[in-house]
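**Student:** Top to bottom, those sequences are chains R and Y. Read left to right, the first sequence gives residues 1 to 371 (this note's numbering). Read left to right, the second sequence gives residues 1 to 371 (this note's numbering).
Certain hints may be false.
It does not matter which identical chain is meant; a pair holds if it fits inside one copy or across any two.
Claimed, not checked - Using 25 Å as the maximum straight-line C-alpha spacing, the simulated SDA-like pairs for lysine to any residue come out as follows:
| hint | residue 1 | residue 2 |
| --- | --- | --- |
| 1 | 74 | 56 |
| 2 | 74 | 47 |
| 3 | 181 | 105 |
| 4 | 12 | 149 |
| 5 | 12 | 359 |
| 6 | 163 | 360 |
| 7 | 181 | 167 |
| 8 | 163 | 219 |
| 9 | 363 | 14 |
| 10 | 74 | 48 |
| 11 | 12 | 344 |
| 12 | 74 | 238 |
If you are wondering where the hints come from, they were derived from the structure by calculation, not from laboratory data.
Protein chains: 2
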Amino acid sequence: MTEYNAPSNIAKPGGVIGILGGGQLARMLAMAAAQIGHKTHIFCPDARCPAADVCATITNAPYTDEAALRQFAKTVDVVTYEFENVPAETVSFLTECGAIVRPGARALEKAQDRLHEKDFLNQIGVATAAYHGVDDLHSLEAGLAKVGRPAILKTRRLGYDGKGQTTLTDSDQDLPGAYDKAIQFAWDEVGAAPSILEGFVPFQCEISIIGARSADGDIRLYDPVENVHRSGILKTSTVPTAITEATAQKAAAIASSILSALDYVGVIGVEFFVLSNGELIVNEFAPRVHNSGHWTSDACAISQFEQHIRAVAGWPLGDPARHSDAVMENLIGSEAAAWQSLAAEPNACLHLYGKSEARPDRKMGHVTRIS
Amino acid sequence: MTEYNAPSNIAKPGGVIGILGGGQLARMLAMAAAQIGHKTHIFCPDARCPAADVCATITNAPYTDEAALRQFAKTVDVVTYEFENVPAETVSFLTECGAIVRPGARALEKAQDRLHEKDFLNQIGVATAAYHGVDDLHSLEAGLAKVGRPAILKTRRLGYDGKGQTTLTDSDQDLPGAYDKAIQFAWDEVGAAPSILEGFVPFQCEISIIGARSADGDIRLYDPVENVHRSGILKTSTVPTAITEATAQKAAAIASSILSALDYVGVIGVEFFVLSNGELIVNEFAPRVHNSGHWTSDACAISQFEQHIRAVAGWPLGDPARHSDAVMENLIGSEAAAWQSLAAEPNACLHLYGKSEARPDRKMGHVTRIS
């Protein structure tokens, strides 16, 4: 057996992992933590959140409630989060209270702002779409001149699942007045909020890599998966992909360089566009466990959820090797109503998040078909 | 997709599974239930039990507390249990309160009493060791005359992990007075409680089969595993085994006949002795998820825990096919202290039960090595 030099700030079995957020990612993190002997303390404003069913302790309070955060910090060995839009003030307050928050403020700051994220990626030599910061109609016009059309205008902050973004096509630019109108419309669509204009990437496919970095700098990456989106929401992740070994190696090298540059601790999801020449463009990264990594629960010895808990707890990372091929399919809105037939399918691993109301576009569960 | 005709008494996703007992089996059942969208309500006298960390609700009360049981019955869609020694009165009271308890009273009654268990097995044509009911020194002597020596005297009720049993060898029967002394000693060892004397089975190896039967009579069996015990406690379970296909088929047929004869709903663990001629003797069965089925969490699409929850909830059973070979090793007492090196082992799936105190002989966790 390998000896492992554990960092000092470690959650031993029986330790408490604090998680900000209580959605399905927190739910699956909590179960993974319990599998290796940890207790979880969920901090979430919503008492009926999915993670409430599987945690040892839950605090229901706003993320701005300093008294509740101070108490939370006292009870946990380490804090992590399930969503990148946790307020920066929450993280800095917890840190002031003496809590270790992983992944740290640096990763969060980059991931929360699409402009900072793109700047960071380009600074470390990672290719992205052409982009331009947009603060008003004037900079939007300048951006269009720079990145061309079609282009996508996205709010810098708080976007997810295709929300807070709009596309500017070139279909109407020759009509009199249409150009100004389209620009005004797009600017209204993003709520006149600080935004980023991104050039269109003619990609062949979308892939992602789920990677992890431990407190002592060890990096482990899962196999890349191919992702298909529907209405801006991930629909399927398939592994293995059809990309070449060379492209896969490039993607792995990029994911590793992002993890190192951020001095990252935990699991990250890095999304790529693959061009027809095999070149890679990073779309974005998420400083947390990622929907496109759900297949790891069923096709790997160590899931992304356990891997994340291991990393933030200061444990050695697990082997990300894959024992099966897998296709993960999200069950969105009413799709989860088919649970009975899904449950009867051979080699289908069904995961339901315990959400009572199946609103349209709501992720209700997923199914991983392994072979 | 296959259409499935669900029985009416079903726990839909979001339903509540009541579990009597809060140990590691309940903990793993609760996580499996949550994976497919259920909430769990644990009923356990011990507030700090392992399952407390992962359930939606817990009632801490004695199993004889009728008010607490009545309230528990109101909140759940179905009741199951993690240990066969749940008092029969508890189950009958819950049933009176309108609760559905699975597996039912019949399986529990047979499994709680080693004499009834052996009688039942022989009645349905399943071979067991020679045995004799023992109520006093006189019937113990009669039993010895019938089953020979060496023989094992076991209490009929409440034995587990080799507790409540003692061996009568033939080493000292020629010494003057030693025979009477040895008999008296054995009788004292079992606390002069109603017991069963079992003949010694010269087995080549021990195997078990984890099987499941759904509410509509569908039966699914996992591959047989070979078990090695140490000091009466399961140490390892290995799959595949070295037994022949013919022996495996015989074991499967026996497990199926037990499930059917008990009109069973849920997961059962059936333990066999394999003789050198390939013949099988059933040692005992446990009407619950079983330690020798823990490997299914890591080597199958559907674990024994999910399979049990599916069965008791009235869901279709899952495919018990195995995607990997596996060796499950129990971590007993201080063995779990090696968690850091175990966590660093490739292809080792570590499970820790969150127990704070590592007493000798206490099951603290297990590790499944897959290949």
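**Student:** Taking 25 Å as the upper bound on the Cα-Cα distance, should residue 74 and residue 47 be classified as within, between, both, or neither?
**Tutor:** Both: 21 Å inside a copy, 22 Å across copies.
**Student:** Reference check for the pair residue 181 and residue 105, CA-CA at most 25 Å: within, between, both, or neither?
**Tutor:** neither (39 Å within a copy, 74 Å between copies)
**Student:** Which holds for residue 181 with residue 167 at a C-alpha limit of 25 Å: within a copy, between copies, both or neither?
**Tutor:** Within one copy only: 14 Å inside, 92 Å across.
**Student:** Given a CA cutoff of 25 Å, do residue 74 and residue 56 count as a within-copy pair, a between-copy pair, both, or neither?
**Tutor:** Cα proximity of residue 74 and residue 56: in one copy and across copies (15 Å, 23 Å).
**Student:** State whether the alpha carbon distance between residue 163 and residue 219 is at most 25 Å within one copy, between copies, both, or neither.
**Tutor:** neither (32 Å within a copy, 47 Å between copies)
**Student:** State whether the alpha carbon distance between residue 12 and residue 344 is at most 25 Å within one copy, between copies, both, or neither.
**Tutor:** between (39 Å within a copy, 14 Å between copies)
**Student:** Within a copy, between copies, both or neither: which one fits residue 74 and residue 48 at a CA-CA cutoff of 25 Å?
**Tutor:** both (24 Å within a copy, 20 Å between copies)
**Student:** One pair to classify: residue 12 and residue 149, alpha carbons no more than 25 Å apart. Within, between, both, or neither?
**Tutor:** Answer is neither: 53 Å inside a copy and 49 Å across each miss the 25 Å cutoff.
**Student:** What label fits residue 163 with residue 360 when the C-alpha limit is 25 Å: within, between, both, or neither?
**Tutor:** Answer is within; shortest intra-copy Cα gap is 14 Å, inter-copy 55 Å.
**Student:** When no copy is specified for residue 12 and residue 359, does a C-alpha distance of 25 Å or less occur within a copy, between copies, both, or neither?
**Tutor:** between (39 Å within a copy, 18 Å between copies)
**Student:** What label fits residue 74 with residue 238 when the C-alpha limit is 25 Å: within, between, both, or neither?
**Tutor:** Close neither inside one copy (41 Å) nor across copies (43 Å); limit 25 Å.
**Student:** How would you classify residue 363 and residue 14 at a CA-CA limit of 25 Å: within, between, both, or neither?
**Tutor:** between (31 Å within a copy, 15 Å between copies)
The structure does not agree with the numbered hints 3, 4, 8, 12 stated previously, though it agrees with the rest.
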